[in-house]
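4 protein chains.
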Amino acid sequence: MIVVLKPNHNPSQMESLISWLREKNITIHTSVGQANTILGLVGDTSQLDVDLIAALDIVEDVKRVQEPYKNANRKFHPEDTVIQVGNTQVGGGNLTIMAGPCSVESEEQAVAVAKAVKAAGATMFRGGAFNSRTSPYAFWGMGERGLAYLKAARDETGLPIVTELTDINQLALFRDVDVIQIGTRNMQNVDLLKAVGHQDKPVVLKRGRSATYEEWLMSAEYIMAGGNENVILCERGIRTFESYTRNTLDLASIPVLRRLTHLPVIVDPSHATGKYWLVDSLAMGAVAAGADGVQIEVHNDPAHALCDGPLALKLDAFTPLAGKLLALHAALKGMEGQA
Amino acid sequence: MIVVLKPNHNPSQMESLISWLREKNITIHTSVGQANTILGLVGDTSQLDVDLIAALDIVEDVKRVQEPYKNANRKFHPEDTVIQVGNTQVGGGNLTIMAGPCSVESEEQAVAVAKAVKAAGATMFRGGAFNSRTSPYAFWGMGERGLAYLKAARDETGLPIVTELTDINQLALFRDVDVIQIGTRNMQNVDLLKAVGHQDKPVVLKRGRSATYEEWLMSAEYIMAGGNENVILCERGIRTFESYTRNTLDLASIPVLRRLTHLPVIVDPSHATGKYWLVDSLAMGAVAAGADGVQIEVHNDPAHALCDGPLALKLDAFTPLAGKLLALHAALKGMEGQA
Amino acid sequence: MIVVLKPNHNPSQMESLISWLREKNITIHTSVGQANTILGLVGDTSQLDVDLIAALDIVEDVKRVQEPYKNANRKFHPEDTVIQVGNTQVGGGNLTIMAGPCSVESEEQAVAVAKAVKAAGATMFRGGAFNSRTSPYAFWGMGERGLAYLKAARDETGLPIVTELTDINQLALFRDVDVIQIGTRNMQNVDLLKAVGHQDKPVVLKRGRSATYEEWLMSAEYIMAGGNENVILCERGIRTFESYTRNTLDLASIPVLRRLTHLPVIVDPSHATGKYWLVDSLAMGAVAAGADGVQIEVHNDPAHALCDGPLALKLDAFTPLAGKLLALHAALKGMEGQA
Amino acid sequence: MIVVLKPNHNPSQMESLISWLREKNITIHTSVGQANTILGLVGDTSQLDVDLIAALDIVEDVKRVQEPYKNANRKFHPEDTVIQVGNTQVGGGNLTIMAGPCSVESEEQAVAVAKAVKAAGATMFRGGAFNSRTSPYAFWGMGERGLAYLKAARDETGLPIVTELTDINQLALFRDVDVIQIGTRNMQNVDLLKAVGHQDKPVVLKRGRSATYEEWLMSAEYIMAGGNENVILCERGIRTFESYTRNTLDLASIPVLRRLTHLPVIVDPSHATGKYWLVDSLAMGAVAAGADGVQIEVHNDPAHALCDGPLALKLDAFTPLAGKLLALHAALKGMEGQA
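Protein chains in written order, with my numbering: chain V, 8 to 346; chain E, 8 to 346; chain D, 8 to 346; chain F, 8 to 346.
Each statement offered as a hint is correct.
No copy is singled out in the list; a pair is fine if it fits within one copy or between any two copies.
In silico DSSO-like cross-links for lysine-lysine, where the CA-CA straight-line distance does not exceed 27 Å: (1) K82 to K321; (2) K125 to K158; (3) K82 to K70; (4) K321 to K158; (5) K340 to K125; (6) K282 to K321; (7) K208 to K77; (8) K70 to K13; (9) K122 to K158; (10) K13 to K31; (11) K122 to K282; (12) K82 to K340; (13) K31 to K70; (14) K82 to K13; (15) K282 to K340; (16) K13 to K77; (17) K282 to K77; (18) K122 to K321; (19) K321 to K70; (20) K208 to K122.
Hints listed in this document are in silico derivations from the structure and should not be mistaken for laboratory results.
Generate coordinates for the entire structure from the input sequences, incorporating the hints supplied.
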């Protein structure tokens, strides 16, 4: 940590700051410049509150050198995390394809879509039972019945199921789910983060619409601090001035997170734009940029889906896309082999 | 609602769309242009799902004419809502000044700060007992003990108390609080919104860091749909590309919300920027722009506050600011009288 | 165009608006709803000023149905534009790879880099002679001498040259350049746009850092309105709240522009992030998402480049990347063949 | 400047970096930590290129301590700059009110509006002769004739005139103008900045729609580096995700710039939102937050203005607003006197 002192600061204040830091076993290197004095703080600076130091009268600026997250940090965990879910793995060079409807609406629909996406190449079945919506007048999901339909789809296909948790009081119902998803509106719902950190199912953590990489990783850190290290990060677009699309997919998040963390990174091209006709290009782009997988909304009849219809691909568009994603993934492996 | 059909759409698809709409008692006016056919939908269009219609093959675009919120809409409730809290009112031409520390730390601190802000002109005492933080390693608040300190401060000063709720399971503890605050991270935590909608204490609803006016009002609608009409909206800065300040205060939210809704609007200049030395100018600007009040972090010793030190004004800076705000409010009333 | 009138508007004002529109040969369809009256305007509405109509007392809202650009609009020009530059083509299924240094620094450097990028597979040589910089104290480019070095590189390799124009007074010097680039800071420098519209060299038009798709296409329209239809759009990242990267690459711009316009679309992954180690993933993602090409900063010695060193790939990283991009492009063509 | 080296860097690379810096008369203080080595650079670091150093193999991060602007920096010029324009002053505790139409349309209109705004309390007359527009099909201004109308308005009223320059080739025509305005689209048109830096008329420099404070001050620095120190900064809203308003007024820019620079800061509430009914609140807020003035679009007939009608106040709304702004400014001076 680097502390820049104000020009003409009071030397006795500087002395008392330095004493206070030394009590905390921090070593201080002082550089006296013409305009500013700079303190280089060495030791376990993760215990220091940056904002508190920045608020001191004599301090002009504080700059952190170390990232504030530890469990999620690749520096302390260099190897990629690979997460086993049923018979499939997320990370480690595998291509995960999660597909299914925004909301499950009936057992027939759930089973039919699950069979079709499995046939196309999907590795997990996703579907909503408890939906988080912007409007109190929108469809809220089937709740517990929805979870039963998801399990029926798993029984028929063997695909692990992924579904969103919106309230800690639902957690007991999720005992038989394979992967718990935390949605974008709840990325900083810390009570929810702590709850999924104290159980051991893998968690898909969607990026908040306006979360920086660091804030997103701090939310992963909340989960991991509770003991659950099976976190899958899911980029789903951020909010920008461009309103033609619902959000702006941040493609750079893939290689940036690859460097900052050992956790797997997948991409949701459906919510990233809010338009089904953009899903194909964005899914292909995400895989070519190195994503560990994609999460795609697929519906047998998007025009009559009870929620998020405009995002969903029809089954007959999903099948060729899944084929292209698998072919692309194979082609990329081939290129790596040559390089 | 206006539905723009694609050029060269299939006439039989158009017929089936029109029949489906008529079944829902919607009247349709058709305008056939050179490039596009436009359907004007008249009737109770709030029951229609914009996204679902937009996903139909023959539809190019759907444009809503009516706002999706009702209870919060000034069109259906033209008079300003005025909220009684203890002996003080929010809205209706009053200037509400909520002041106090980010976290209450002890009974002595809470009482001392409450007495001082009351003497300066504050009308409510705010303080955190359950804090929502970005980092799992930051200070989390005193919890139930913090609530007791707040009540002690109220007992000593008579100031109503405002404090943040972060988890529905805490609600029982809040029975004796005067105003419940929903923080920016929880603006779309719909379970929390529904919970505070089913009780009758006034709610301060902070704007989500990346929430549009409409999304913010939809969150108010969640609370009001449960029966609680006592919602105070609090602008606290939005996330933009400018990173010198923590957020960007959106001053226009004050007159925009005045037009869209009948609910009172206050401003939090402390969190809007993250720098205590900007609070004075922003609080003055907010009051001059017509805000019903401000919420200001005040601390007896900001450099040693357990959280958000850099935001907090010292007591000796708050007192003259409160004086200026009251003088400004009086001067503005005088100008209105003359105009 | 759709005009929504205010509830309780004055009928005589509505009559005078309708008469005024009819004089302009606009046909009006009126839908009277419970809350609002809606006018559907049919005819050549491109002559109408949306803002002027929106400012009328009786108007609540105006919604445009037609895009405001014509020459750039795919609706009026369904086939892809393919632009011939020397022996190479931009658009039409070709993969354009523009590569070279931010600034040309010497004839030796220019020729050496041009030879190397050609060997790797680049189809054009890019390099700056007149650089647009944020700081008045930064390096400004070699100017006219820089143009001479670029031409020397073309003479040696046969690669067409692309270079940035920053001032209309330089235009005479650009007579022998193959493609003129308009930089992000100048996307709305309308005098520059008009100047390159009145000559016939192809133009690479970079997206402004905060330009919407529509504003970007309106800038293309400026160039095309002058008679020059050879415009290549270049996505180079937009400004968002995420400050870890210099900008956020907007991957969706590729399929969105493919739908809105017939002009070719390329991507600059170097400026999109400001970090050389992100270029590989973003370039791959862009090609997989359907871009017509990429523009990549390449330098023989980035650490000592006179400008934008952190963006530039070293030659020994560019060569395998160009190979991967060509292999990816071939693989994608193969998949299309099968689909 | 602070340079953070990568863990496990090569010591000989560090030695060569240190030698290179010493040749430039930079003193280096080295702090060796457990994870990182930090170099504190002391001396004239403004000559060093941050990006170049950041690109070195052994460097993890570079953090600048000094701002990159000098002439505009309050640290090197502590007193406020006060700019004399005709009989009026900008800065120094004065309230500047620039008012007038987006475009001057006739001599009669210009004179009539100028007389009216003067009577209301305006201190300068603003009006466009050369307008910068997003669409090539929009109204472009009256050009040289417009300048003549502006001068006629000055002759009749004595108000200094402010008008926008969009092209360096127009500069000769501006010899008789009082204040030159650089618009938001041209904030980084460096050729224009250099041109107005080499003449001595005061310049209103509008903030670019997506410019940071630092970039804006770097553009002021371009002008000042040419010798012209009379720069007035004008906040006019930044681009954010909120699309209800055209831009988001950044109120914090006023106190932030007050600290960073000695130049006067005014606010344009008309372009900040694009809606005339928001101008009153935002102008009041800006003055209460400490702005040195405002720039307001005023038109005798906004609904028929040739451009930007929705922004403009009618004369009969401007007069009471100007009265309120002057009363507010007087009231604020009174409060200061007491404090």
